[in-house]
Each structure stands twice: as C-alpha cells, then as structure tokens.
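Protein chains in written order, with this note's numbering: chain A, 1 to 359; chain B, 1 to 359; chain C, 1 to 359; chain D, 1 to 359.
For the record, the hints were derived by calculation from the structure and aren't laboratory data. Treat the hints with care, as some may be off.
Since the list gives no way to pick one copy over another, a pair counts as held whenever it fits inside one copy or between any two copies.
Unchecked claim - The calculated lysine to any residue pairs, modelled on SDA-like cross-linking and capped at a C-alpha distance of 20 Å, are: (1) K93 with E72; (2) K145 with T356; (3) K145 with I35; (4) K145 with D210; (5) K198 with A260; (6) K145 with R351; (7) K198 with S251; (8) K195 with L175; (9) K195 with R253; (10) K93 with R303; (11) K162 with A248.
Remember, predicted model here, so these are calculated numbers, not experimental data.
Number of protein chains: 4
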Amino acid sequence: MGSTYGKALRVTTWGESHGPALGAVVDGCPAGLEIDEALIQHDLDRRRVGQSKVTSPRNERDRVQILSGVFEGFTTGAPISLITYNADAESSKYDSIRDLFRPGHADYTYTMKYGRRDHRGGGRSSARETWGRVAAGAIARLLLKTVGTDVYAFTTQIGDIKSETFDRAEIDCNLVRAADHDASERMIAAIDHIKEIKDSLGGIVEVRADGVPVGLGEPTADKLDALIGQAMLSIPATKGVEIGHGFAAVSMRGSEHNDAFYPVEHGGVRTGTNHAGGTLGGLSNGEQVLARVAIKPTSSIARNQDTVDIHGNAQTILVEGRHDPCVVPRAVPVVEAMMCLVLADLLLQNRMSRATWDS
Amino acid sequence: MGSTYGKALRVTTWGESHGPALGAVVDGCPAGLEIDEALIQHDLDRRRVGQSKVTSPRNERDRVQILSGVFEGFTTGAPISLITYNADAESSKYDSIRDLFRPGHADYTYTMKYGRRDHRGGGRSSARETWGRVAAGAIARLLLKTVGTDVYAFTTQIGDIKSETFDRAEIDCNLVRAADHDASERMIAAIDHIKEIKDSLGGIVEVRADGVPVGLGEPTADKLDALIGQAMLSIPATKGVEIGHGFAAVSMRGSEHNDAFYPVEHGGVRTGTNHAGGTLGGLSNGEQVLARVAIKPTSSIARNQDTVDIHGNAQTILVEGRHDPCVVPRAVPVVEAMMCLVLADLLLQNRMSRATWDS
Amino acid sequence: MGSTYGKALRVTTWGESHGPALGAVVDGCPAGLEIDEALIQHDLDRRRVGQSKVTSPRNERDRVQILSGVFEGFTTGAPISLITYNADAESSKYDSIRDLFRPGHADYTYTMKYGRRDHRGGGRSSARETWGRVAAGAIARLLLKTVGTDVYAFTTQIGDIKSETFDRAEIDCNLVRAADHDASERMIAAIDHIKEIKDSLGGIVEVRADGVPVGLGEPTADKLDALIGQAMLSIPATKGVEIGHGFAAVSMRGSEHNDAFYPVEHGGVRTGTNHAGGTLGGLSNGEQVLARVAIKPTSSIARNQDTVDIHGNAQTILVEGRHDPCVVPRAVPVVEAMMCLVLADLLLQNRMSRATWDS
Amino acid sequence: MGSTYGKALRVTTWGESHGPALGAVVDGCPAGLEIDEALIQHDLDRRRVGQSKVTSPRNERDRVQILSGVFEGFTTGAPISLITYNADAESSKYDSIRDLFRPGHADYTYTMKYGRRDHRGGGRSSARETWGRVAAGAIARLLLKTVGTDVYAFTTQIGDIKSETFDRAEIDCNLVRAADHDASERMIAAIDHIKEIKDSLGGIVEVRADGVPVGLGEPTADKLDALIGQAMLSIPATKGVEIGHGFAAVSMRGSEHNDAFYPVEHGGVRTGTNHAGGTLGGLSNGEQVLARVAIKPTSSIARNQDTVDIHGNAQTILVEGRHDPCVVPRAVPVVEAMMCLVLADLLLQNRMSRATWDS
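One chain only, chain A, in its complex shape:
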C-alpha cells in the first residue's frame, strides 16, 4: 500500500521528479529527540546530483525545510514534515519521449497500471523520490544514535571492479564512495570510459550497522532480514540483496557457516565469526549487521534503443536528459538511509517485547 515505510516509525514520501516539490512525513518519531537540521542537510547533500563528473549535471540545492513536529529544536511526537522545492527541472527535454516507453524504465508499467503517467523525468518513479528517504533516514539516524548504533555504507563494486581493502575514512574522499582508494581510481576511470561510449555501469553497495542492540526484528513477517530485503529492493535500480555471507553461504557447510558463541568478560555473549551478518532467527544478535545491495546499470543511455510507443507501434528511442552513467555512488546514502529507517523502526517496536515496564 504504497508510499509508507515502517510500522512504528512511519515514513511517507511524496513528490515527482519534475513537480513543484518533494517531501516526506515522518510519523511516530518519539518526542524529545534533538534535531540537528545541519545533519539532515549533510545526508541530503551526499545524495545530491551535480556533485561531480561521475554523476548527473542536474543541479538541485535540495535544501530541506522542517515544517512541523519540531519545536525549539526537539521533536514533539507530532508528525515531522520535510520538504524541498524542485528548482532545476528541465521538463521540456522529455517532450520528445512523452509517448515512448523507455527500456528499463517504469514508463510502460506505470501507464498500464494507472492508465496515464507523468512522463517528465520519470515522475514518481524517478530516483528523485529518494530525497524523502534520505531526509527521513537522517532523523532515524539521530534516533539510532541515542542507543549507540552507527550505520554507514560504501561502494564495493562498479561493473567488474571490486574493492580489495577497507578504510572507512576513505569513503567520502573519493567520487565513487569506495572504501578502497586504489579501487576507487579504477572505478572512476571505468565510469569516465562508459560515459564516453554512451553506456552505463552497475555495482554493489555494502551497508554496515555497528552497535545494534540485540533483539531487533519482529518474527515472523517482519524479521530484520525481511525488512532489510524490503527496504533495499524498494530503492530504484536494485536487483538483489544479501545478508552476511549471503549467496556465498550457499557453498559453505553448516560447520563452517555457524557462528560459535563465546562469553564476553563482564557479561554478554558474542560470536567469534559473523557469517550471519548480525542476525539470528530474524533478530539482531549484537554483531555487525551487514548487507549488500546489487544495483543494475543505469537504464537511461544516450543510444538508440528499440521500443514501443503508447499506441503499440515499434519505435526507436534516444533518451536525452541528464543521467548518471552509474548511480551506485549516489545510491550509497540511500542504502544507508533505508538501513537507518529499518533499524529505527524495529528499535521502537522492540520496546513492546516484554510485559515488564522497565524493559
């Protein structure tokens, strides 16, 4: 049922790529959370277009305004309305493809479902919709901070180029948001090349959450794994998600894959390995929650492609407009935001796990 993420922390996004504005309403955020608008803007700036040569040249300031739910710097428990105005939309560029279905895009399916579509920049199916997710995710991140949870994501693969080392400090120091400096240079070169030949690349984003309290997840439908699955595969251009060793676990034996438990000094339990990626039985187990998201190569390419028009006639389409030759770097903050939303939602739900009121 559509445009709302979460059950305890409920985020409803709205807005089209070329409409007057985009926004999100965050309902269910507890009162008393200190809101730092600059931190929200910081997250939004990371997903913004027009940042570098490897992303779309469209220039949107994406400035967030908080219209409700915050009073004197703290949340009040009322819904938080977040908005930004679209400034740099060039809708006329889309006139020529108004009646054509772009391959790899939602044009055809939206038209069939709704009987019409806003053709300008993909309308609702545009990745611009993720603005609201990142804005709301920043609030979720603030909520997670109150329990010491830290979420970050980075690019691990662009096309065939994989990261081989990990340095968190590197992530925001290169244009592709890889945690491996050398790999990042090869990735950037690959994107430069693919842009030149008017094609596009996909990749993989990895997201990690440290300091996740034990027990987040609601069996059975709303297991932590399940909600990560939903959240990640709701992001435009994603085609797969895996947790922990994921698809690689298929080739492991139980004796290898099981993470043995060990007692921790001063109380507590940890696992020696983390093949499971921080979840057991659908609940967080206190280890690092880790997921990877597969992102397809950008559908919009400046080449002639076979397609059909809305009248059912065969046509050739050349998609103009400003497009990322590889959306992976800009997907990093979105993946991060979705993980924040999942964890914050489950954090709130978890408060209802026990009948005793001190828990």
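Got chain A; can you put chains B, C and D on it based on the hints?
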C-alpha cells in the same frame, strides 16, 4: 509487527514447533473463490518432513482443517482459519539443550528479546511455522489461477552443485526438487555424504511466475521487488534474494541489461529479453517474474560446537533431534507459497489503481 | 480491512456461528505476561448464552483452548491462538430462511457485498463472533493489570428503565448486570414481558476504566476517543457511543463542562470533575475513562415481518431459532473486552512516545 | 499509530497551529480522477475561521496548493501532497500560558505523554489540524461522486436550541449552518449572548450520505459504523456519535426498530423506514447513511479558571487568544470531510470483496 504477511490478503500464522497445533488465518480473501481442500493438502504434503532419506525423519501428517470462511465449497469473504495438529513432537529430546544457545539458531536472540523462550524444537522460530505459509499460499495460488498466473519453484543449487538444464516436469520427480535430472543425482549424493559426516549443506531455490498481469506492485515501499525481498528473507535460513539477473546484472552494461520493447501482434507489448526478471519500476511488466533465494546450510549439526549457556558460561553443545542435512528441497514449496502470497496480495491491491470502476 | 483490532496488540477473530469452531489470534502481546486460563474462561463464561431465562437457551460450553504463544504459564511474545469448538449448533432451523433476508440483520448486505452468505445463524455476522473478542480481551485485561488499570461495565438502561443507583458489587448478582438492584428487577420483568409478546428490547451499557495511566491515545486518528468509538461500534447491535457526559455535554456551557485542574499532594494533577470522561485532546488524563454504548433491540423476533427473498420477491418472514429478547446483559462483557483491547493496545503504543529509553 | 486515517485511501495530516504550514498527504487515491482545485478550496473555505461574527476572528486564507500526485488535471496514482501556509499566527499571545494547563485542553495530557508540548495555539492538538482533513475529504468527495454518492452535514442543535425543520438549501445560507432558518436565528442569538458573557456553547452536527452503494464496510473491526465512530470521535471537541436512531433506538422495540424490506420495481431492495441509518451488520444497505456527532462547548473561555502549572502549583488561568464561542458551525465541513474519507476508503476496499474480476 510480526506475524502478518500482506496488506490486502493478510495471512497471520501462529504456532510453535512443539505446541499442540499450528495454523494460519487468511483475512481479506475475496468471496466466491472455489476452495479445493485437496489442492491445499497437496501443497502441504510437498513441504512435509519425513518424505525421504534426504529430509528429517520426523513424521507429521500435517493434515489441514478449514475451520471458517468457506461455505459449501466457496469462500465467503470471512477470515479463513487453517489448522493442523502436531502429532509427532518429541520434546524431551530438547531437554538437554534447554539452557544452551545453539549456534546459528534463534535461541540466543529470542531469549534476549523476550526474556524467555520455548526451547522445544525452536518454538516459534522453527521452520514448522512455515506450515501456515504453505497452507495460506495454496489459497493465494487458487486466487492467482483465476487470472491465469502460475507459480513454481525448484532447486538450482545444493552446495557447489548447480543445475545445468531445465525440465519442469522433472521437479517433483527427484528428492531434491531440481529441474535437472543429472544434477539432482549429484545433489542427492552430496546430501547423503554430508549427512554421513554430520555436517550440512545450503543451496539456491529459484521461483518463477508466469502469466502475471502487468502492473502488480505498489510504489514506492511496496514495489513487487520489495515485497519479494521481504517475503523471501522472512523464510527461515534464507540469506539473500535476487530478481532477474540479480547480482549478475552488476557486471552488465546498460545497453546489455535493458530489455527492449517490441509490439505484439493483436496488441500488447513484450520485451525481447528478460534480464529484469519481470519487473520495471517495481511493477510487474508481463514477463516471467523470476527470483532466486539463497539458503544457508542447516544450523543443526550433530557435532560438538562451542557455545554459551543462559548463565553466560562457555559450553560445548551437541544438537540432537531430527534435522534435515539440507533444507533446500523442503524450502521449495515455501518459496513458492511466499511468491503466491506476494502476487495475490498485489493482485487485490491493484484493483484500486484506477478511479474508473470498470478497471 | 476487516477482522483485526488494534495496531500494537493486534487481535484477529475468525469463525462463524455454525462453523466447526471460533477463535482469535492475539499478536503483539509482550512476553512474560502470566496467563491464567481460568480468568480467560471466567470472562468467556460471562458472555456465554444459556445462562438464564433472560438470554438465549442455546447451550455452548465455550471452553477456551490456548494453542500457542504461552509456555510454562507465561506469554513468549509469539502469537497467542485461542480456540473454542461449536457444540450446540442447530443449523437446520435456518433452512426455512435460507433465501430470505431477515429485517435488521446482515443477510441482505452480506449477500450484496459477497455474492453469497452463510445463512446458518448469521454466519460471520453473528454475535458469536464476539467470543474471540472476549477471549482476547481477557488477555488485554491481564496486561492492563500490570499497570493497575481496572475495567468494568454494566447495564444502565433496558428499554425505558434506567438505573438510578450504583453498586459495583451488584453487577454480577442480577441477570441483567445492572449496578442497581431495584432497577434490575424491573428490567428483568420488562424482558420477561417482551419475550412473552414476542418482541425485543434494547438498552445502554456503561463501561469504566480506573487507574488508566495518563497519556494513552495517539493523535490524531487514533485518539483514545476515536478508538473507543471504533471498538464499540464494531460490536453487533450497537448504534451509538458517547464519552463522559457525551450528548449531554451539548447542553452545557464551557464554564460548566471544563474540568478544572488541581494539584495533588505528593505530586500529580487531577481534575475536580470528570465531565470529559477521562480524555483530553484524545489522550487519557488519569481520571476514570467512561463511555456509554447504545444497543438496539434484538432484530430477531418471532413475529411475521415483511421482507424480500434473494430473487427480489416480497415475502413474509418468521424468524425462529433461539434468540435473546434483549442482548444488553450479554453485551456487558463484550463492551468490557473491547475497552480492554483499546487500552492495552494504546498502552503498548505509548511506550514509543519518548526518545529517552528509560520512559 | 497516529496521524493516518484509512487503509485503502490513507490520509496523513501534519502541522501545528502556529507552525509554518499545515498539510495532508493522500496516498492510495486511484489514478484518473479529475481534480478540481476550486472544489477543494470551496470545502476549505467553509471550515475557515474569520468568516463571521460567530467564529474566531483569526484570518487565514487557507489557500491549498497541490504539490504532487496530480498531472494535467488528473490524479496519477501517486501520493497527493496538499499544503497551506500559516499566515496569521499570533504566537506571542500564548506566552503567558506557556507553563499553564488550560482546562478542557490537551496541554496537560500532551505534556505528560511527550514530556513537552508546543504551547502556541495548542500546537498539534489545535483544531487547525482539521485543515488537512477537509482538504483530503474534498478529494474523497470527488471519488465518491464517481459512484453518485453525495455527503452533506448541518447543525441540528446549538446549546438547547434544536432545529425543527429541514431545508438543505438553507444550510449555507445562515451563519450556523442549520437546515432550519428560524432555528438558525435563535442559534445565532444564543451564540451572540454566550460570547458576551464570555462563555461557550456546544451542539450537534448531523451528517448524511445519499447514494451510498450497498456493501461498504469491512466486518468485523472495520464496519462502516465502527469507522464512522473512529472518524467522528477523532475530531477535536467531539464527545459522542450515533447512527440512525442511535441512542433513541434504546427505547424502541425490535418490531418498531427493524426496517422491513420491500422489493423495488425494476429490481433492487429497499427498506420502508431507515431507523438503522443506512447500515446493517456493519455494511451500507443502500439507504441514507446518517450519523450525529455531539460537540462539547468550546474549552477556551475568557474567564478565570482554576488550573495547575507545569511545576504542579495551583494557578488561575485566563485564556486569551481568538476563540470560537461555539465551534459547531465550523465543525460541519469537518464532519462532512470525515464521512467522505470513511466512505471513499471503504469504497476502494469493497473492490476486493469478490473473487470474480468483473465485480
């Protein structure tokens, strides 16, 4: 929020591995659907344990009873209550591990979340919970049949052994439910071997849906992809899900991955290829919906493993009881059921897409 | 969307009047709540038919079985499945009205909505559906007890006869569950009389909750008042609900109706009066939550009535079967149960009101 | 869970009385509905303050902007974001009562629930929140028009003065929105008087829906009656709701209250009377849906009242600011809007009632 799948077709499962009974309540099923109890039982028999040497020897008849919502063979629009009684539970086998956390299981996380757990056979976290999913999935399948949708799943990989050919008729002819007869024999041998050495294997299940109407999926949170992600990763032991080419799409270029559109004689639009796995912009596009699910090796292995008890002391555990050395074959009908639930739920939601009443 | 009450504590009822069984699944009940099956049965026995000359002679033992979610006497956090089997259903009595729409009943509307109906005893629309509400309400009551909340209801009016005094101890000492002994005798006589003349009476049930924590209710859609409204008007035969002075508040002036605040020794705030019925701005204010529910006279009367058959022909109907000449006394425990469900649901939701974890 | 009304047509409102803006997001509105912004504004203008001497002198233009979900005059199926900016908020007037709890207001309960509150004009608990409801209700009304449903409300009682006649054309011709011209004059005089003596009055709003399709309502939790109950009692200042004869039905006998069925020429079934107010078994029966809502006298009165401050000290409060001496006339369009939201939501849900696709 827990135990309910779906928004239009809502399935709530209940029951523990060693409780008196298991069940599901299906709310939102439209009236007038002819219910064939034998077909529901057929699906349930496929997930049943005790079927062969490659699965657990536990013997449950798993007979379904319909307690409500069906009158004179047709659904009435009222909630459908499905129940089965547990017959062959040997709870005493679990006494020795009552205070121990089994590696790879939910014992530790459930205890931390809820302050207690039903230790008998995993309680709520047991794969026996999937009985209700398969029972409800069979009803969803009947609903999908009314629009010509056909869902089926099969094993494509066990450990390192992959299927190389596809013959749908083969699926229920071999113990591992592979669509490749030769591979199935190697898979069976691998399971026999792993059982002997008291270890376990994982694998991959592929699920396909033919004849899916165009337009199923609710942007943005409840995209078809997103709900497949949630549904599949809510199944016990799953660690990953991918749609269409999935993680392999990462290495493709946009010009390769995009599925070009072609007009169909007598109206309609098709794509020449189906790299997307039947979804565009989160909506079904009329092509085959295709997903693959990664399943980890069974956590219960009859070997000594390091663990911790509920008092925080280091211990060694030897998990007895009856366990599948590889759950992949039995996961096949569960994956199928979850895909049926996702599609039937979205089929109903899709009826609300247009303001005109004839749509 | 149908058969589920509540958002945090979610109760799904199922079952038909003349089906094999009735039940409820309670999802979201926190772990660690001690369940006393005898207390659940006690509440169920109060709504049972066959109790006295003023109610239907149908005899159902209504014995509850707990099929899941409780282990060694405490809730586990898993869904609690409650069931009872129908024993004394005489379906054949309904054969003669299979094709007729009973005035005041759901026969016509169910047939129009669903294209069919289970005509036996009203099927899903029967008041027997309330079995599951009362069973679940008993669990909600146990949850409320942990915070000192006490919910009770009683009959204040039958036909034109109103209670004039209040003695809580009297409620379960008379057949009509009035808190006024003298009035109860007149009410009983009135029911005896109406039964003789083959007619029926309505009445009013009042429900009170003492010890409700301040702040229960979720603005704006799920205010305490709003959820009381939904809960009460979902009970069969109800036609109105009011809170505090309710409709009588209409004739009061603001200066009269406003409940002034006073400080309480040792901290806290109380109101001197309680015209508001324990809610302010949709949240509980610590005073007694008080609501009244209007119940129409029983629709089933043993008189000839004009009606129409399913073919659209004018007909005369004589409703036989066993019916209460006045359902008000049996509605008392149902109203109580619904108030318990509302408050327990909001009690859990309220745990998410503040960002600080100690609240 | 707060700020969202409805399940198929989901309306989330946001905004505070003295925040920068107010709004609503309507998710689930089908595509292809023609949106007439002037009609939305028309409904909004009816709830606007500053309209006459009987309402608050605060002047807000309340101009609606549609920020998403509508393209070239028709809905697209995407969420519709509606916004208005607050122009004439005089927050400083509230400084003096920042630390005081106004009797009859949400100040105390919000503070206790959330640990803080936006004291300016009631913040989220202000009736200004209903702007979003009326804006969304106007869209629901457009949806209902496609099936011929017509919803209207009017004042039937102010204080002790009751309407005695009914003339729909009169409703918008007098300041109190009564359907009885003579009564309206007495009502206006009563409000003038109560204002002079610095007190306030309550009243009753009646709402009617003609042309409601048979079968709207989802048993059992979401019966039409139940959702009307929730919707109406979520409106600020409401204390009761009744359907059809409501509380008066209590004194009727079954033989009087039952609405007999009659066949209609050319097919169809009607009832001769409509004591039930258009619902049977929780579903609409094709007759006029009719409800009445009790509204308490305005809590804000310009008199000294006993209260307590946030430190727990006894205080005297004099509520200044601009307040309606009677909110009933302005509640009329809000009641209307809520009925539209309930019916439109159920209209969409009803599309899922039958398994056959032509229904």
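Outcome of the hint check:
For the homomeric pair K93 and E72, the shortest alpha-carbon distance between copies (17 Å) is at most 20 Å, but the shortest distance inside one copy (43 Å) is not. Taking CA atoms no more than 20 Å apart as the test, K145 paired with T356 passes between copies only; the shortest distance there is 11 Å, against 25 Å inside one copy. Taking the closest pair of Cα atoms, K145 and I35 come within 20 Å of each other only inside a single copy of the chain (12 Å); across copies the shortest separation is 36 Å, beyond that limit. For the homomeric pair K145 and D210, the shortest alpha-carbon distance inside one copy (11 Å) is at most 20 Å, but the shortest distance between copies (38 Å) is not.
For the identical chains of this complex, K198 and A260 are inter-copy neighbours only, at 17 Å across copies versus 49 Å inside a copy, given an alpha-carbon limit of 20 Å. Taking the closest pair of Cα atoms, K145 and R351 come within 20 Å of each other both inside a single copy (16 Å) and across two copies (19 Å). In this homomeric assembly, K198 and S251 come within 20 Å of each other (Cα to Cα) only across copies, at 16 Å, whereas the closest approach inside a single copy is 38 Å. Within a single copy, K195 and L175 get their C-alpha atoms as close as 15 Å, which meets the 20 Å cut-off; across copies the closest is 49 Å, which misses it.
Taking the closest pair of Cα atoms, K195 and R253 come within 20 Å of each other only across two copies (11 Å); inside a single copy the shortest separation is 42 Å, beyond that limit. For the homomeric pair K93 and R303, the shortest alpha-carbon distance inside one copy (16 Å) is at most 20 Å, but the shortest distance between copies (63 Å) is not. Proximity of K162 to A248 under the C-alpha cut-off of 20 Å is found in both arrangements, the shortest distances being 16 Å within a copy and 14 Å between copies.
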